[in-house]
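Protein chains in written order, with our numbering: chain A, 10 to 1012; chain W, 580 to 776.
No wet-lab data here; the hints were simulated from the structure. Heads up, a few of these hints could be off.
As the list claims (entries may be wrong) - Pairs of lysine-lysine, DSS-like flavour, derived with a Cα cap of 25 angstroms:
| no. | chain 1 | residue 1 | chain 2 | residue 2 |
| --- | --- | --- | --- | --- |
| 1 | W | 702 | A | 812 |
| 2 | A | 812 | W | 633 |
| 3 | W | 633 | W | 702 |
| 4 | A | 707 | W | 633 |
| 5 | A | 673 | A | 851 |
| 6 | W | 702 | A | 287 |
| 7 | W | 702 | A | 427 |
| 8 | A | 342 | A | 362 |
The primary structure of each chain is shown beneath.
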Amino acid sequence: MSGFRLNLRDGLGRAVDHDSKINFTFDGKNYEGRKGDTLASALMANGVSIVARSFKYHRPRGIFSAGSEEPNALVTVHSGPRTEPNIRATELELYEGLEVKSQNRWPSVNLDLMAVNQLPGKAFSAGFYYKTFMGPSRPGHKATQFWWFCEQLIRRAAGLGKGASQADPDKYGRMNAFCDVLVVGAGPAGISAAERAASAGAKVILCDESAVAGGSLLSSPELLDGEPAFDWAEERLAELAEHENVTVLTRTTVQSMFDDNTYLAVERVADHIKRPAKHQVRQRAWNIRCKSAVIATGAIERPIVFAGNDRPGVMLADSARRYVVEFGVSPGKAVCVFTNNDTGWLAARDMAKNGVIVEAIVDVRKDVPDNIRAAGEESRAEIFLGAAITATNGFQSLSGAQISEFTETSGEVGRKLKKIGCDCIAVSGGWSPAFHLTSQQGEKPVWDAELQAFLPGGAISAWHGAGAMAGKFGLRHAFRSGEEAAVKALADAGLGEGDSDVPRIEGDEIDYAPAPVFEINSGGKAFVDLQHDVTSEDVRLAHREGFISVEHLKRYTTLGMATDQGKTSNMSGLAIMAEARGKPIPEVGTTRFRPPYTPTALGAIAGESYGHLASERLTPMHDWHVAEGANMYANGPWLRPESYNRSGESVEQAYIREAAAVRKGVGLVDVSTLGKIDVQGPDAAEFLNRIYSNGFAKLPVDKARYGLMLREDGMLFDDGTTWRLEENRYLMTTTTAGAGQVMDHLEYHRDVVWPDLKVALTSVSDEWAGVAVAGPKARNVLKGCVSDCGVSNEDLPFMGVQKANIAGIPVWIARLSFSGEMAYEVYCGAGWGQELWNVLMKAGKRFNITPYGLEALSTLRIEKGHVAGPELNGRTTPYDLGLGGMVSSKKNFVGATLLKRDAFHEEDRLQLVAIKSIDGQRIRGGSHLVKGNKDEPGRSEGNTTSTCFSPELECYISLAMLEGGAARYGEKIYATNPVRDCHVAVEVVSPHIVDPDGGRMHG
Amino acid sequence: MVDFPDRISPLDAVAEPGVFGTDTNSPKVFLSENLCGSLIQVQAWPDTISVVEKALETLTKLAVPKAPETAHSENVSIIQTGPGRWLIDAEVEGLEDKLRSKISAKNGAVTGLTHARVVVEVKGPKAAWVLASGIAIDFSLKAFPVGTSQVSHHHEIGVTIHRTSEESFDLYVFTSFARGIWHWITTASSEVGYAVS
C-alpha cells in the first residue's frame, strides 16, 4: 500500500479540514495530517503501509478497515501512566502532538526480528498451547517447570500492547440518564428513528461511536432531498441536537445491553485532545435506562479469505472507499477490487470518480446486473467475472495479485488469468449485521440465506432493529425501517406514532446479497482472523481434531478472540467449518457476543470509585483524632483511631501504654461508631424480647441490658446493650461492623415475621456521638463536668441510664463497661460530639486522662473476656462463649428452636477460653492450638481469636476457641502458627482474666 | 429557649467558600449547607396515619403530603419519605419534644435526626446534571417535579432529595458520610465550575 492524499476539493474529504496541518509522530518519526483525520487516514496519506505486527507470527500488517472492527492497526498512545495499548488507529482522532507507537515488534515495525516466528509457523498452529509442553502439574516435575519457562518466553514473543503499571492519572465520570427511546447508531436508520421519536414528544438519546455522526451518509454518493447525503446528515443532526427532547452523543459507543432496558455507553470526552483539561474527565460512562431502544448499528463488511490476504495493502472495499471519499486519501496507487457482491463495484466506481486508479474488479460471480456493470465501466477498471484472487505478491507490503478462474458454485479454482500489479486490494465478502448488543442478551441469531448473514433473533427486551443491523440494507430501507422501529419503540413508551419525514433519495439501488463465497482455497497461507493469526488451515485442523462445535473452534484456535472479538473473521471461520463439516452454516451455529462491544478502559467502568472500595464513615471527633496523630483504621465502614502513637512509639507500645492508663487511671475512647437503632412503639418491648435470647420485657426505664442476638439457626449474630429510655422507647446499640446487618435483621422480622407488632425502627447511628470514659477515675472525671444528674453508685448504678447535661450539652449517660473497669458511655448529638470530647478531656486533665484507640479498647476487653467480632464469627453459640446463662428458657426468641440441636451441646465443641504465653513469647493471631511440640504438633484442637499483650499480666494472651475448653483450664498446650514459624507454649485459663467477680465495674 | 452550644458540621472543615473548578467566572453549580434547627422523623402505624397527619397539621399548619411530596411554609418543610412516614425540617430548635408530646406511642414514633443528617443545597443550571452523575434517578422535571422528594442512594449510601425549585435540590445526607458525599459533589461539579457559600 502506498497511500497518498488526493487533491482535496469540494465534496472530497469532507471529514477533514482541508487547510489545517496537524503534526504527529509514529514510532518517533514526524508526520503531518489534517484536522479530522484518524491516525489511520493520516498514516495512509503519508504512505505508511506497515502499522503493526501480527499477534503470533509477527507478520507485517496494514490498515484493514475504517472503523471499530479494525483487527490489524492497533497502536499504543501516550507514555508513562497514561500509556494505553491496543487503540485502533482507525478510530484514534489526530491531534497536534499525538505520539503513537506500534506494538508487538522488535526492534521496529518495519524490521521485526521476532518475525522469525514465521519459520516454525506450523508448530504454532491451532491448539498449540494445548498440545505443547504438556506435563503433570505436580510441583517440581521437570516437564511442568519447562513449560513454565517456555510459557514466559512465548508470552514475551506473542501478544498485543503493554499497559501502564502506574496509576491512571485521569479522571473518569459517570452519568445516569433516562429516556423514552434510546437510538444506538446515528446513520440513516438512526437519524430517521430519532427524528420520528422526537416528533412524538419522546425523550430521545442518540448515540454514535464516531466523532462525526452520520454513519454511511458521510460517504454516501446519494442525494437526499436534492442535496449531498453528507450535508443532509449534518443539517438533520444539528436540528436533532437543538431539539429540547433529544440528546445527541457522539464519540459514544454503546458497549452493553443489560436487562430491563439498561445500556452502558462510554463517551470519549477527551480522547481527541492531548490530555484532558484540568477538571475535565477523560471518558464518561453513561448508564442509560430507556423505555425502548432502536438498535441501528449498521453492518460490518467482511472479507473473502484468500492466500496472502494479510499483506499490508489488503483491506475492506468499503473502508477503502471511505478513506477516499471522507478523508480524501487514496489507499494505494493502483487498486484492485475483489468482491462477491455489488457493493465492491460501487466502491470501485466511487474511488475512481475521485481520482484513484482502479486496475481491476474481480468478482466471483459469472454475471452481474447491468447497473453494476455500468458502475464498473465508470471505474475504467479491467473486469474479471467468475474469477478470484488466488495469491498476492510483495515483500513487506503488497505489489501484485494473481487472478484466476473461479467457479462460484463449486469453489473450484481454475487456470490463472492474469497477474496484476497493485498496492491495494479492496475486498468485499458481503456484510454482517452488527447485532452484538442484542446478542449480549442471549438472543439467538437467525440465518438469512439470501443475505448470507445472521440477523438478530427475536427481542426478549424492548428493542427494535433498524437499517443494516436488521438486514435492511440500502438507504431506502434504512430510513423506512428506522421510522418503523421508532413507531414500535414509541408504542413501548406509551407514546403516539409521531410524524414521518423520510427524504427523497436519488441514487443507486442495488442488491446487497452476496454470492455464498467466503474463501478461495488455492493453497498458501490464508488468514481468517487477522488479529490472532488464525488461518483457514487452523480451522480445518480444528475440524480434523474434533473441535467442531463453534464454541470449541473459538477456544481451540482463538478465532474471534482478542480486542476485535472477531468482527471481521467470525463469519468466514464459521463458513469454513461448515464447509469442512459438510453442513449448512446455520446448522453449525454461531457464537454469541458478550459485553463490551469494543474494548473499554477500566477507568471508565470504575468511574470515581478508585483509591477506596466504599465510602468511609467519619465520627464527629475524626479531625481531633487525626490532629493528635492517631493511626486511622478501617473498622467496618468507619475510620477509627487504632492508637495515638507518641513520637517513636510503635502501635504495640502505644496500645499497651493506653490500656495500662485506663486500668490505673482513666481513659476515653470514641465509641460513636457503635450501631445505634431507635426502637419505638407500644410493642417495642415485646419485639426486643423476641429478638434477643435473654429477657427484655421487664427491663425498667432508665436501665440498660446486654443482649444476645441469634440467627434463626441458633448461631450468635450480634450483641450490644439496649437502653430503655422511656416506656415505649429504646436505644439499641450494636457492634460497629454489624450495624447494617442488624438493621436488616430487625426490619425483616418486623415487616415479614411479626407484621402485627407496632414497632418503629430508625437508624440513629449518625445522630449520636458516643464517648466512653473508663477507669477507676472515670467517676471523678464526670463529677467535674456533669450537671442535672448524680454519678454516684446510688444515682447511676451499673447498667443505669440517665439524662444529664455537660457544659450545656444535653447528654445520655449509661453506666456500661466494655473494658471491665468502672466506665460510662456518654452520648450527645453528633454536632456537639467534639465539644463533649473537649470538655471531658479538660475535666480529666488533672487525672491524666488518656485517649485510647481501637487496639487498647480490644486489649481491655480481651483481658476482661468480653466477646467481639472475632468470637461472634457466625460459628459460635451462646454456650460456646460461656453465655448460656443469657439463653432464656421462659420465652421464645429468634434462634431458640435450632439452638436446641444436640450438636450445639456436645462437650467437645470449641469453647471460649483464654490462653497466656508461658515463656513470654508472642502469640500470633491466627494460631492453632495443639498438644504436641513443634516437630510433632498433632492435630488442631482450636484456634486463637483475639490476641494482645496484656499490660495487666505483662504477657501475651489470647482469647481462643478450644475443644471442650471450659473444662481444660490449667492445661499446657501450644499455640502454633507455622506460617510465621511460631510455636508458643501456653496455659489455658479462664477468659475472665481481669476482675473476674466484676468488682471494678460495679464499684 | 434553651441555649445550646453551636453544632459543628462535618463540612465545616472542608466546605471552603469560594469558586472552584473549570469555569470560575461563571460557575454552574452553587453549593451550601443548610443548617436546620430541627429534623424529626415521624412515623405512624398503619391504622393511625390519619391521626398523625392531623397532629402534624395542627402543629405545623401545613397540609401533610400524602405522596412523596413536600409541604412547606416559611420555616417548616414536611417531606413524605414513605407511607405514613415524614421528615420534618424546621428552623426552630427543640421540635422533637413538642412532637413527642403531641404524638403518643399509641399513634406513632417520633425520632430526632437533627444531628444525623447534613443538608446540602445543590443549585444552579448544572445541579441536576451533577446529581445525575452519582444518583441513579431521573432528574427531569417530568419525573421529579418541583416540590417532590425522592429517597435514593449514592454508592449505596442513602440520601433523601427534595427538589425545591427547577434548579435547586436539598440533599439530606448521613452525617458520617457527609464528607464523602461532599467530595463527590465537588469533584463532579468541578467539571462545570462551582461556588461554595
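Against the structure, the hints come out as follows:
1. Pair hint residue 702 of chain W plus residue 812 of chain A does not hold up; C-alpha atoms about 40 angstroms apart against a cutoff of 25 angstroms.
2. Under the criterion of a C-alpha separation no larger than 25 angstroms, the hint pairing residue 812 of chain A with residue 633 of chain W is inconsistent with the structure, at around 31 angstroms.
3. Between residue 633 of chain W and residue 702 of chain W, the direct Cα distance comes to roughly 33 angstroms. Violation of the 25 angstroms bound is thereby established for this hinted pair.
4. For the suggested pair residue 707 of chain A and residue 633 of chain W, the alpha carbons sit about 33 angstroms apart, so the restraint of at most 25 angstroms is broken.
5. Between residue 673 of chain A and residue 851 of chain A the alpha-carbon distance is near 19 angstroms, which keeps this suggested pair within the 25 angstroms criterion.
6. Note on residue 702 of chain W and residue 287 of chain A: the hinted pairing holds, with a Cα-Cα distance of about 23 angstroms set against a maximum of 25 angstroms.
7. In summary, the hint linking residue 702 of chain W to residue 427 of chain A is not supported, as the alpha carbons are separated by about 73 angstroms, beyond the 25 angstroms threshold.
8. Between residue 342 of chain A and residue 362 of chain A, the direct Cα distance comes to roughly 14 angstroms. Compliance with the 25 angstroms bound is thereby established for this hinted pair.
Violation of the numbered hints given earlier is confined to hints 1, 2, 3, 4 and 7; the remaining hints are satisfied by the structure.
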